[in-house]
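There are 2 protein chains.
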Amino acid sequence: MAGNGGHNVGKHDAKWKAKEARQALRVGEGFDLSAVDPASTPGFGGKKEDGERALARDAQHLSDLQEMFFAGSRHGDTRTVLLVLQGMDTSGKGGVVRHVVGAIDPQGVELTAFKAPTKAELSHGFLWRVRGRLPGAGMIGVFDRSHYEDVLIGRVQQLAPADEIEHRYDLINDFERDVAGDDTTIIKVMLHISKEEQRERLRKRLDRPDKYWKFDPGDIDQRMRWDDYLEAYQAALTRTSTEHAPWFVVPADHKWYARLAVQHLLLHALSGMDLAWPPADFDIETQKQRLADS
Amino acid sequence: MAGNGGHNVGKHDAKWKAKEARQALRVGEGFDLSAVDPASTPGFGGKKEDGERALARDAQHLSDLQEMFFAGSRHGDTRTVLLVLQGMDTSGKGGVVRHVVGAIDPQGVELTAFKAPTKAELSHGFLWRVRGRLPGAGMIGVFDRSHYEDVLIGRVQQLAPADEIEHRYDLINDFERDVAGDDTTIIKVMLHISKEEQRERLRKRLDRPDKYWKFDPGDIDQRMRWDDYLEAYQAALTRTSTEHAPWFVVPADHKWYARLAVQHLLLHALSGMDLAWPPADFDIETQKQRLADS
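Chain order of the listed sequences is A and B. If you read the first sequence in numbering that gives the first Met the number 0, its first letter stands for residue 0, the second for the next number, and so on. If you read the second sequence in numbering that gives the first Met the number 0, its first letter stands for residue 0, the second for the next number, and so on.
This is chain A alone, in the form it adopts within the complex (with noise of 0.2 Å):
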């Protein structure tokens, strides 16, 4: 493998426009989250079982790239790398950890999904757990679910009062700026869904016996919610989206587009640091001598 970090996923592949991708996503100026499609497929020309023949093929690249990082943190390479994952009931978090940070070696990925705090959390700032799950030099973080709650159901819900709410978006970036420079890459993607298409996966969950388990009936209350939801990303995203921690809003409709346009994120990052295999810092001669000789 080259070492050079040349990202040169997808060159070959026409259908694959992945800067191109990238772009799309990305929230800037103006961002509008009602003018994002749910069923879009930005960068990406092809059907289902192109996305899916890609997603395969670069399963294995991201994998390998993964584990160049982590051999640079065995040798003093400090930087690592964090997934957020926010969206919607349904739209497909779990799905992405399986499929496309399941590809990587479970020794190079520290996940954690965030669920309703404890007292022992509630007793802290919003951000001390998050803090204490961020992951170690040549690892990649994956938060499923985050502090984003805090400003996503937290102001849906009203859990705190409205400037307290008003006040964590700037607790964030702050936070945020502090992890990227210790070295940290923060790539956030909100899964976007449509109302019709929650429905539909509620709808299976609600058929399928081997789906039970899946659904609460408090994903109801929050999609009655649906438009204060969007409300609350929209602010999210457009106060939160930085250079050092930028969103991507990913339409997820289609899941295997949400998961193709999730892996290119990751190999994005891994691919931009100029990887590579790091030297011996012993000297192999030696060595090879002394396993000779044992």
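Don't take every hint at face value.
It does not matter which identical chain is meant; a pair holds if it fits inside one copy or across any two.
20 Å max Cα-Cα, derived DMTMM-like pairs, lysine to aspartate or glutamate [said to hold, decoys possible]: (1) K287 <-> D88; (2) K210 <-> D280; (3) K114 <-> D88; (4) K254 <-> E199; (5) K118 <-> D88; (6) K203 <-> D215; (7) K287 <-> D206; (8) K194 <-> D292; (9) K18 <-> D49; (10) K210 <-> E196; (11) K210 <-> E195; (12) K203 <-> D280; (13) K114 <-> D76; (14) K213 <-> D76; (15) K18 <-> D76; (16) K254 <-> E196; (17) K287 <-> D220; (18) K16 <-> D209; (19) K114 <-> D104; (20) K210 <-> D36.
Source of the hints: derived by calculation from the structure; they are not laboratory data.
We have chain A already, so just place chain B on it with the hints.
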């Protein structure tokens, strides 16, 4: 998938006599490590290609069982599985993690790689850091090295007084009895390679620039104490292989066999649990109506 948990993996595979393998690998009365051939493949009549095919075939089954196991935990099932991996350097612990554990949804796995203890860890009893990493309900916990290091390298390098090491076997047995009593199925695996096979694997690390990072001159220091390690393993295996926390010595000169064997031990543990998809704890028709209205 049937919910009765009948263990039918490999049922139609004449090459893989799983039960026979399990019995052959298990450390029982009168166990003698020096009598185990690291190049053997107990219970498996096929070759590498057959073994790899069997591994790939059962990967999905393991993943499916784990999902059902996890589902149960969301509905009050408190059971958990702990896989302890030990073995000399290059014995293939990392490969088992990557190829066996890596086939399971990352959301169902809690992996801990134990390194040399930190100062903070050393200020506690040797079981302290392990206790903090026991898996939650519905999870498969994996220890890549474990508290056994404290009676392996601890014994060989005399990191603690002899009577303290002696005492640790009892402490381990007490600890594991507690953990098992706490609804944990404990599976302890020693990956057993020959000294010759280790030489080949270390040589590869010295020959290939993409493997240098895996080599540590200290590995050869440990290698020079080979017989002392075997003796420390023999003591640990015989003194701590119990009904509630049995040891399995898996011949590991053939990586494909070691992976297949460990996969089987996990499959066997989950298959024996009488897993079933949990029933809905809500009224399905009511929720369907709510969904339709929302």
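Tell me the numbers of any earlier hints that the structure contravenes, in ascending order. 5, 15, 18 and 20
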